[in-house]
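For what it's worth, this note's numbering labels the leading residue of the sequence shown as 1, then goes sequentially.
It is worth saying that the hints were derived from the structure and are not from the lab.
It should be emphasised that the depicted structure is a prediction, and the values quoted were computed from it without experimental measurement.
Please note that the accuracy of each hint is not assured.
Derived pair list, reagent style DSSO-like, types lysine-lysine, alpha-carbon separation capped at 30 angstroms [to be verified]:
id : residue 1 : residue 2
1  : Lys337    : Lys552
2  : Lys269    : Lys138
3  : Lys586    : Lys186
4  : Lys178    : Lys161
5  : Lys282    : Lys586
6  : Lys552    : Lys282
7  : Lys398    : Lys416
8  : Lys299    : Lys490
9  : Lys283    : Lys299
10 : Lys552    : Lys169
11 : Lys178    : Lys586
12 : Lys213    : Lys138
13 : Lys586    : Lys269
14 : Lys416    : Lys490
15 : Lys161    : Lys586
16 : Lys178    : Lys138
17 : Lys169    : Lys213
18 : Lys283    : Lys490
19 : Lys169    : Lys416
20 : Lys282    : Lys299
21 : Lys282    : Lys337
22 : Lys213    : Lys490
23 : Lys269    : Lys186
24 : Lys282    : Lys138
25 : Lys283    : Lys337
26 : Lys416    : Lys213
27 : Lys283    : Lys552
28 : Lys186    : Lys161
29 : Lys398    : Lys213
30 : Lys552    : Lys490
31 : Lys161    : Lys416
32 : Lys299    : Lys337
33 : Lys397    : Lys269
34 : Lys552    : Lys186
35 : Lys269    : Lys283
36 : Lys169    : Lys490
37 : Lys169    : Lys186
38 : Lys186    : Lys138
39 : Lys283    : Lys138
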Amino acid sequence: MSSYNSASSLRGIYSSTRILFGLLPGLGTLIVLRMAIHLYRPDIEDAENRVRDYPFDRLYECYDFIIVGGGSAGSVLANRLSENQDWNILLLEAGQDENVLSEVPVLFPVLQTSSIDWQFVTEPSDAYCLSMVERSCKWPRGKVLGGSSVLNAMLYIRGNKRDYDNWAKMGNTGWSYKEILQYFLKAEDMRIPQYQHDRYHSTGGPLTVEYFKYEHPITRNILEAGQQLGYNILDVNGPYQTGFTRSHATVRDGLRCSAAKAYLRPASKRPNLHVSVHSLVKKILIDEHHRAYAVQFVKHGQERIVRASKEIILSAGAIQSPQLLLLSGIGDAVHLKEVGISPIVSLPGVGRNLQDHIAMGGHSFLFENPYNNGTEYGFNLFSALNVGSLIDFSIYKKGSMYSMMEAEAMAFVNTKYQDPAEDYPDIQLFIAPTADNMDGGLFGKRANGLTDETYAELYEDILYEPSFSVVEGARIVQELIRQPALQELKARPNPNRNPGCNHQDIMSHEHLECQARHHSLTIYHPVGTCAMGSTSNPEAVVDPRLRVYGIKSLRVVDGSIMPTIISGNTNAPIIMIAEKASDMIKEDWYEGFDENSTCGPINNTTYASFKNSYTDEVVEAKIIPNLFNETTSLFPNLPVDHIPTHPKKVTKIDKMIPKARTTEIKESVGDKLVQSQSETYPMNEDDPEHKYPSFYQSINPRLIYGPPNVMEYPYWPPETDRIYPLYSKLSRPSGYFQRPSLYRTPSLFDSLYKKSLFRTPVSNNLFYPTVHDYSRKDDVKPIFYETERVFTPKGEEKCRIWLYYDGMKYEVVL
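All chains should be built: construct the whole structure from the sequences, respecting the hints.
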């Protein structure tokens, strides 16, 4: 009964927008669909798990890692790196969050050239894209969280084993197929039953892989025809690639499973991950020691510089990652000088080695519908979006809107130029039950010749290859439609010709070559522009651990690092690359304090100074090898095993006269003062129960000691170092710090919690080890601490911590 009422309501919505359907059928359909999703599909709305934009004015001055680009690779990195709760992660994305329509598989062509697409196009040419508007082919790239995984055709293809083995042979240690397979498995949640227990697949990963929920009836005929042509139906992501397959797709319950949906949404509520959308990065800042230390970005017209204490990771894609390197002074020194950029490191390979899959579209055929009196058998996007399909999708969760009409079936085949015995096919066929006048393709060739750094002659080298592999692919399709499984549908070439190709025989080599030049396109798989390679390769931009040559603390993690393009769609390999990169980064930066990490540039004019208006009578320093020892009275029960970093020296200052404390912080880059702060905090020695609570209250007068309701003050503390309350003995007030991770400092200097001094790896409480007694004890005395981090003129770093306990002051030197 409820379904009937819902369907009736949806018919009412549809009826009320008939004028829109009449005037703008595409727009009207999308408006109705958007309303239907809002009313009936909370699983698509997913309001609770959507990624929140972190407020611009509350961004920290410094993070451990800054990821530039929230696309496929950036989403993976943000998830995996934020698993370490000691690390603060900032993800900067120029676009917005993905919209609900992007989850509907049939609408993927509509998303391209929309507001979530960068809308790149190729340079006009007389040699390719001749039938396209202004003789330019579109080149969609995602400007959205999830990147191009939100715009793509959702096809899950890993590539050929030999692709990765060739990478390893080029000197890229650790990138052979056997070594990278584990990262495909780590990412994957295979839900196709026959592959779930296969050693080439796995379950439980973030990225869901299924068949498309809707299958066009002609798909089975196509697969049967492939068998009749002599090919096997197989898992192209398994041990062999040559053959036909029903397409594997990155969909979950029939809906698109983008990288943002798979990786970002589950991690977005972690307090150590901040995501800032509409944030366009302009430049990577590099100090005089060739260390990348900050990013400069713009959001809503406001410019900001945020620093990274460990690394900056470029995941902006094969077009914008090299662009940012060039803008930051990393690239061909001669070229940089020509355009007015001062070169910092000369890497001639930046922006070169562009590779993509070259394709030819428009090679279409007609079939007769066995179920409808001989009418043409195909699929039209907007005619399929009718009231019936909207009801099926919105209410019953079925129907043609779950289809991906461009490639429900595909094949990897060999032309006469490739040895079939090698299982290294040179043609990928996308076989679709639809034809259109869009920039859509039929098949692509593995292409290595796209090296022009201006990208102006993107297609010409491939289309003039003597082998004419693309044309040979068209001939294989002609053989396919002659097979009995398709002839029973009376398959025949579409007699409509491209206006620029008037050859008598539409199956001739000349006509097919003309067709390739008029309906030429890529499959939107640009890679290779920051190529990975060994030190012996002068064109290499990153090493096998994806670190930019000649620059410290800077990596590139996206499709641009591929030295050669893989044999198939690139999204799954890019996710694999990011999974592997995440592990490499974790290996390179061990948990806890690392003396090599620093916030800000290291040069002779960067300094921080503190002035205290209280006096200390310093007595003889007492050296304690391990302050956090079971015999130390200060922390008698703190487990030593949970302390990865121990202080080198503790100075006990017996007499302290608390008056006030003035903190001055100055930082400069070169001769330019970039930040100056000066604040005074009163000290109160008259409180008989808790020593110096006014330190705590001065931060927020309402945030009183013992215990506060942290939910009321989610953005405390502000962006300066403060005094923080701790407890000796493993006990605390009940409910205290229900969300302790909110009590983290976004200051210029790393606070104590980032040094792991008071953290248990298995606990979510950043300020406490595991707590066994949650009741309030009268003998528990509070400990306050403050931190200072300074840089010497030589770039050496020092960290000091002051503990205030029971009226005494302790200085801890790390």
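request  = Against the earlier hints, flag every one the structure doesn't satisfy and list their numbers going up.
outcome  = 2, 7, 8, 16, 17, 18, 26, 30, 36 and 38
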